[in-house]
Amino acid sequence: MSLSATKFVHPITTPPTSRSSDKPLFSTFFGSNHTKLRFNKPIVAAQRRSSSAASTSFSPVVAVSSDVVKEKKLKSASNLLITKEEGLVLYEDMILGRFFEDMCAQMYYRGKMFGFVHLYNGQEAVSTGFIKLLKKEDYVVSTYRDHVHALSKGVPAREVMSELFGKATGCCRGQGGSMHMFSKEYNLLGGFAFIGEGIPVATGAAFSSKYRREVLKEPGADEVTLAFFGDGTCNNGQFYECLNMAALWKLPIVFVVENNLWAIGMSHLRATSDPQIWKKGPAFGMPGVHVDGMDVLKVREVAKEAIERARRGEGPTLVECETYRFRGHSLADPDELRDPAEKAHYAGRDPITAFKKYLFDNKLASEQELKAIDKKIDELLDDAVEFADESPLPPRSQLLENVFADPKGFGIGADGKYRCEDPKFTQGTAHV
Amino acid sequence: MLRAIRNKSILPAFSAVRAFSSSAKEMTIREALNTALDEEMSADPKVFLMGEEVGEYQGAYKITKGLLDKYGPERVLDTPITEAGFTGIGVGAAYYGLKPVVEFMTFNFSMQAIDHIINSAAKSNYMSAGQISVPIVFRGPNGAAAGVGAQHSQCYAAWYAACPGLKVLSPYSSEDARGLLKAAIRDPDPVVFLENELLYGESFPVSAEVLDSSFCLPIGKAKIEREGKDVTITAFSKMVGYALKAAEILAKEGISAEIINLRSIRPLDRATINASVRKTNRLVTVEEGFPQHGVGAEIWFSSLHCLFSVQLVNSWKYTNLLHLLNSTSVIEESFGYLDAPVERIAGADVPMPYAANLERMAVPQVEDIVRAAKRACYRSVPMAATA
Chain Z
1 MSLSATKFVH PITTPPTSRS SDKPLFSTFF GSNHTKLRFN KPIVAAQRRS
51 SSAASTSFSP VVAVSSDVVK EKKLKSASNL LITKEEGLVL YEDMILGRFF
101 EDMCAQMYYR GKMFGFVHLY NGQEAVSTGF IKLLKKEDYV VSTYRDHVHA
151 LSKGVPAREV MSELFGKATG CCRGQGGSMH MFSKEYNLLG GFAFIGEGIP
201 VATGAAFSSK YRREVLKEPG ADEVTLAFFG DGTCNNGQFY ECLNMAALWK
251 LPIVFVVENN LWAIGMSHLR ATSDPQIWKK GPAFGMPGVH VDGMDVLKVR
301 EVAKEAIERA RRGEGPTLVE CETYRFRGHS LADPDELRDP AEKAHYAGRD
351 PITAFKKYLF DNKLASEQEL KAIDKKIDEL LDDAVEFADE SPLPPRSQLL
401 ENVFADPKGF GIGADGKYRC EDPKFTQGTA HV
Chain Y
1 MLRAIRNKSI LPAFSAVRAF SSSAKEMTIR EALNTALDEE MSADPKVFLM
51 GEEVGEYQGA YKITKGLLDK YGPERVLDTP ITEAGFTGIG VGAAYYGLKP
101 VVEFMTFNFS MQAIDHIINS AAKSNYMSAG QISVPIVFRG PNGAAAGVGA
151 QHSQCYAAWY AACPGLKVLS PYSSEDARGL LKAAIRDPDP VVFLENELLY
201 GESFPVSAEV LDSSFCLPIG KAKIEREGKD VTITAFSKMV GYALKAAEIL
251 AKEGISAEII NLRSIRPLDR ATINASVRKT NRLVTVEEGF PQHGVGAEIW
301 FSSLHCLFSV QLVNSWKYTN LLHLLNSTSV IEESFGYLDA PVERIAGADV
351 PMPYAANLER MAVPQVEDIV RAAKRACYRS VPMAATA
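In the order they appear, the protein sequences are chains Z and Y.
Take 1 as the starting number for the first sequence in the UniProt record's numbering and just add one per residue.
Take 1 as the starting number for the second sequence in the UniProt record's numbering and just add one per residue.
In short, the hints are calculated from the structure, not lab data.
Note that this is a predicted model, so its numbers are computed, not measured.
Check each hint, because a few of them may be wrong.
With a cut-off of at most 20 Å between alpha-carbon atoms, the simulated DMTMM-like pairs for lysine to aspartate or glutamate come out as follows [what the hints assert, rightly or not]:
#1 Y:K62 <-> Z:D335
#2 Y:K65 <-> Z:E214
#3 Z:K250 <-> Z:E214
#4 Z:K279 <-> Z:D335
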């Protein structure tokens, strides 16, 4: 049962046009993949629309894997998608994600972190490709595999590492843990353990920014929300309910599916009647796009368009990123069910290696510059681990803090006064 | 490896014979649950398993190991991640006479399906006036594990036990696990079977009787794990182990504690609890879940209610109230028997924190039980715990 990327190379027929012709549907795959399209010129936004309208006469478009496109990209050297600075930023972010997750694994096996830890190795292109295009005010909602989303969004590595160690200096003061990363400053809304739980929350965040813009008439309230979730989630009812409402109300949200083909030990193909998740977007009246999630530049191109679409107020987009996780579902998962050939195939398509090659081949960066970045990140992480190690455990009194925004919610005590005002309140036994 | 698994699930009579010749066999909870499922599935072809990762992954906690190979994919169903969907499907199948055993990866995830558990399963027999019975079992780990955070650590015993139409069981030892699961599968009503992740690997001695394939424990009967005469401690699931350890410590101080393993949260075995309270005159209830409206609160009331029922028994106006105060057929004055206020030990009234030291404070520990028992015996220790 080896799944190679070729399984995803299939003719994508364009979906039937929507009833209202003013809604262009982005089901054709665009971006640097133009090689396999019928149209060999680089596709620019305006042309894309006309091409999709024209393609109702069924010109099949093929989604390809990155190795094919890489070669073509080299030949059109003048058509570079990023500048040097941007390239280095992307590289640094992916390296930070990768090294951080490797450090987490080390720390877990040394007993410094505990519970459920889900690592993101292999999927960095999706996080970097999307989140690096956001402003600080934009919202990101994630699942339990959220360390790298937090880092890409800007939460300092120190805070994330302390949180994982369960220390008081963590981004959630040690109360959340690996699966529940929140940051008000960086607008990271979590961190949810339940599959599908983050999607309605993200839809709500998008609703709030649209509400602020249109009802409260706040100028500049054009925050976009990104909801990240996996292939397993796409079988959950909440996903469909939110696709419907987001499209109905034209909410500024992008639904990003990180399809890594596996939900713990359940293969996507065994769990889904129609495995092509991007197709579910047009069913609800929004564009559905499939992109190679192992290629950060392709992801970035798709992301740019989807995010700008949302910011302009044109509504949601469903983006399916075909990606892969190199490690098991969590550090407690023996990962026995996945075919080693499949793992090897995707290991060969490591997004960081591919991007490095791109940078070298297009002379955007030299070996030394990238090595310097590697070293910088190593030092950053060593510092983060040291900081987390030396940080104090949460004090005893923290157990009862933050249960309510207004701690009077603990009620009136035996002496007739609010319990939270009694200094001995936090010194009880397990039953407080 | 598969062959070894197959051999393991050979008729338990075989291993029962071996047990006679050797000392009591030890069995982990995992094995107990696995063998119980295996035997029930082979005895009744209408029993099938449904849940996430129960098949090819051999069970998220390896409880259903080997069952896919033995019974095939039609009877061991790997579902997509859609609790509401597959629970509903299970309930619908049970309406038509099949006997599904639905596994939730943890009972926290059952919240996505709770509408079906309560509205479709628990209430159906009543709403249809007995036409539809729902012989379904919902099982999975419940309560806190280690360091898994707020959304993976809640105890649902109180929530499900509040609902009429459901039976709620919570085993402690391997004997409980085997007997209660078999009873649950054979039961014609919906049963919520609350296991505990941290107990799965623990071994308990089991007698030959337990290993027999027709072994079954009655639903609604608690077990007195340890006899005592000074204080009654009720507990269920993992807390029984803690209570037993506390009893050892108390014994050294001259306090003889009677430990009741509730086994069945709904229906609660009030008779056993009341009889024990009448004997010892002191009660400590222990649970891992949140304190308000918890199992301890219900047991407290059980020992209290008899006071009201005795006083009102002669007043015709309150006869209806009598019927509502369910359970014990003999009306006794348990309240009058209490020599000290009931001590309730429960988890902290906060969502479970992640940090290891905070988590330890949020869940009852053996010291908390010891302290509470001493308070009940008027050998009080100050409330503030030592750090």
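Now for the hints, and whether the structure bears them out:
1. Pair hint K62 (chain Y) plus D335 (chain Z) holds up; C-alpha atoms about 14 Å apart against a cutoff of 20 Å.
2. Straight-line distance between C-alpha atoms of K65 (chain Y) and E214 (chain Z) comes to about 55 Å, which puts the hinted pair past the 20 Å bound.
3. Straight-line distance between C-alpha atoms of K250 (chain Z) and E214 (chain Z) comes to about 12 Å, which keeps the hinted pair within the 20 Å bound.
4. Distance restraint check for K279 (chain Z) and D335 (chain Z): the Cα-Cα separation of roughly 29 Å exceeds the 20 Å cut-off, and the hinted pair is therefore not satisfied.
The structure shown violates the earlier hints numbered 2, 4.
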